[in-house]
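Line order of the protein sequences matches chains F and H.
Just so we're aligned: the first sequence equals residues 1 to 275 in the working numbering.
Just so we're aligned: the second sequence equals residues 1001 to 1275 in the working numbering.
Hints are computed from structural coordinates only; laboratory data are not their basis.
Check before you lean on any hint, since a few could be wrong.
Computed list of lysine to aspartate or glutamate pairs in EDC-like fashion (alpha-carbon distance at most 16 angstroms, straight line) [what the hints assert, rightly or not]:
{"id": "1", "chain 1": "F", "residue 1": "Lys229", "chain 2": "H", "residue 2": "Asp1112"}
{"id": "2", "chain 1": "F", "residue 1": "Lys197", "chain 2": "F", "residue 2": "Asp217"}
{"id": "3", "chain 1": "H", "residue 1": "Lys1256", "chain 2": "H", "residue 2": "Asp1217"}
{"id": "4", "chain 1": "H", "residue 1": "Lys1229", "chain 2": "F", "residue 2": "Asp165"}
{"id": "5", "chain 1": "H", "residue 1": "Lys1197", "chain 2": "H", "residue 2": "Glu1236"}
{"id": "6", "chain 1": "H", "residue 1": "Lys1197", "chain 2": "H", "residue 2": "Asp1169"}
Number of protein chains: 2
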Amino acid sequence: MSLDGLSINLATVRTHYNLGQAVEACVRHGIRAIDPWRDQVATFGLVESARVIKHNGMRLTGYCRGGMFPAADAKGRAAAIDDNKRAIDEAATLGADCLVLVCGGLPPGSRDISAARRMVADGIAAILPHARAAKMPLAIEPLHPMYAADRNCINTLGQALDLCDELGDGVGVAIDVYHVWWDPDLAAQIARAGREKRIFAHHICDWLVPTRDLLNDRGMMGDGVIDLKGFRAMIEAAGFHGPQEVEIFSTENWWKRSGDEVIATCVERYLLASA
Amino acid sequence: MSLDGLSINLATVRTHYNLGQAVEACVRHGIRAIDPWRDQVATFGLVESARVIKHNGMRLTGYCRGGMFPAADAKGRAAAIDDNKRAIDEAATLGADCLVLVCGGLPPGSRDISAARRMVADGIAAILPHARAAKMPLAIEPLHPMYAADRNCINTLGQALDLCDELGDGVGVAIDVYHVWWDPDLAAQIARAGREKRIFAHHICDWLVPTRDLLNDRGMMGDGVIDLKGFRAMIEAAGFHGPQEVEIFSTENWWKRSGDEVIATCVERYLLASA
Chain F
1 MSLDGLSINL ATVRTHYNLG QAVEACVRHG IRAIDPWRDQ VATFGLVESA RVIKHNGMRL
61 TGYCRGGMFP AADAKGRAAA IDDNKRAIDE AATLGADCLV LVCGGLPPGS RDISAARRMV
121 ADGIAAILPH ARAAKMPLAI EPLHPMYAAD RNCINTLGQA LDLCDELGDG VGVAIDVYHV
181 WWDPDLAAQI ARAGREKRIF AHHICDWLVP TRDLLNDRGM MGDGVIDLKG FRAMIEAAGF
241 HGPQEVEIFS TENWWKRSGD EVIATCVERY LLASA
Chain H
1001 MSLDGLSINL ATVRTHYNLG QAVEACVRHG IRAIDPWRDQ VATFGLVESA RVIKHNGMRL
1061 TGYCRGGMFP AADAKGRAAA IDDNKRAIDE AATLGADCLV LVCGGLPPGS RDISAARRMV
1121 ADGIAAILPH ARAAKMPLAI EPLHPMYAAD RNCINTLGQA LDLCDELGDG VGVAIDVYHV
1181 WWDPDLAAQI ARAGREKRIF AHHICDWLVP TRDLLNDRGM MGDGVIDLKG FRAMIEAAGF
1241 HGPQEVEIFS TENWWKRSGD EVIATCVERY LLASA
């Protein structure tokens, strides 16, 4: 069976490979799509990254990541906007499908989550003309509510889609099963995202029971409690047929194994779920 | 200033005191409301607990807890219903304001959260006649989405209120700031809970940054990022003026300090927030 529907987010193999080695490993396993992180591209070099990606015919299902808009003062917010414009340019150079936005949490010392949410809306509005000019779609990734304080105050798919409605064209969502699987309104919001042509990316992994760490204890598909087949059926019914991108942060498990074992397991579990 | 608006959930001092000692400590600090857990009552004895509570004129802002309805088979679900009826009887014997329901997560091996949610609705419907006969209000406590798999598949205030609408009289919500503070729909749903006369209890603590453990790293009021004054204002605007119940699970901090220090700090922070 083809692996055209599988992409590897390079956070999944961040402890194993630099960008060039990761591309090689993916090609070796028959995978032709990745999503690299900015620090990985910076370390490997932007021009060299673009060359390796093009040379190997790799699709970039996303580029991780822009965002982090809220800041304690106007100077900090302006710096975030500048940095996001650079991320857009990098994503365009690399030929990514979209720039993934992890929007940011509360500024230090703040208890005003509504204000942080306004800063996010203002920040995206400020970079949107640049993104449209670069023809780079922005994919807002709602993050699990346990990250509301320190990573992202956009915490449900419905909230992200409301933000898209407010912002207009060129903005959509990255739907990661890990962040939204619990949402009682999930089915309705995925259908809405489809109707509004807002699904730009789709990330997979699994929710482990127990989960031992808030950030770095994500599970491999099949090892947790998320109904991945049912989730994928909703995504496809909503009109998104793009690759499923595996994004796993796992300090105590997958990041300790070999890169080959991690990628081989991604392939195996992907095929199992697609059977 | 009066401490009439303060209650101590006895999980907060579970490592320090048995039920009798906890009541003594609260009385010593001028606090006249508590919320004991079933295991604490069982250990101290139901009859003796009721005696100590009445003798000291303590109000019970809740009794923790019923729930845990989903199970892998009909026998398990029937056992949960029986156990919840016993919890209702205990709450009535103790004179509690309500029985708090932590509804339960996925049965072992299940990936079907919709089915778990139906089991919760069916379970509460099954115990509701018993609760109404005992004049014991049932307070559904929506839990943070990070507990959806293993503790409670009711994860937003809106979802809990939808369930109340379906079930009718005798059911309401316990609103714990820790579980719902992040919700973009919070203000609207608190107002709705007030209009529908569904606010039966209100729990407080704080969300720490960073949070080091999914279950037992709750913060003391003021040590985290929740806008507690703003939250309380919404609760009061919705018509609830009952006590704020402090519920803190804290393996590495508060559970290691002395019970007197913990309660004194609860009082101090409560007064600070009420000033």
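Right, here's what the structure says about each hint:
For the suggested pair Lys229/F and Asp1112/H, the alpha carbons sit about 11 angstroms apart, so the restraint of at most 16 angstroms is met. Annotation: proposed proximity of Lys197/F to Asp217/F is violated, straight-line Cα distance about 32 angstroms (limit 16 angstroms). For the hint linking Lys1256/H to Asp1217/H, the alpha-carbon distance of about 12 angstroms falls within 16 angstroms, and the restraint holds. Distance restraint check for Lys1229/H and Asp165/F: the Cα-Cα separation of roughly 31 angstroms exceeds the 16 angstroms cut-off, and the hinted pair is therefore not satisfied.
The straight-line distance between the Cα atoms of Lys1197/H and Glu1236/H is roughly 12 angstroms, inside the 16 angstroms bound, and the hint therefore holds. The straight-line distance between the Cα atoms of Lys1197/H and Asp1169/H is roughly 10 angstroms, inside the 16 angstroms bound, and the hint therefore holds.
In summary, the structure is inconsistent with hints 2, 4 from the numbered list given earlier, while agreeing with the others.
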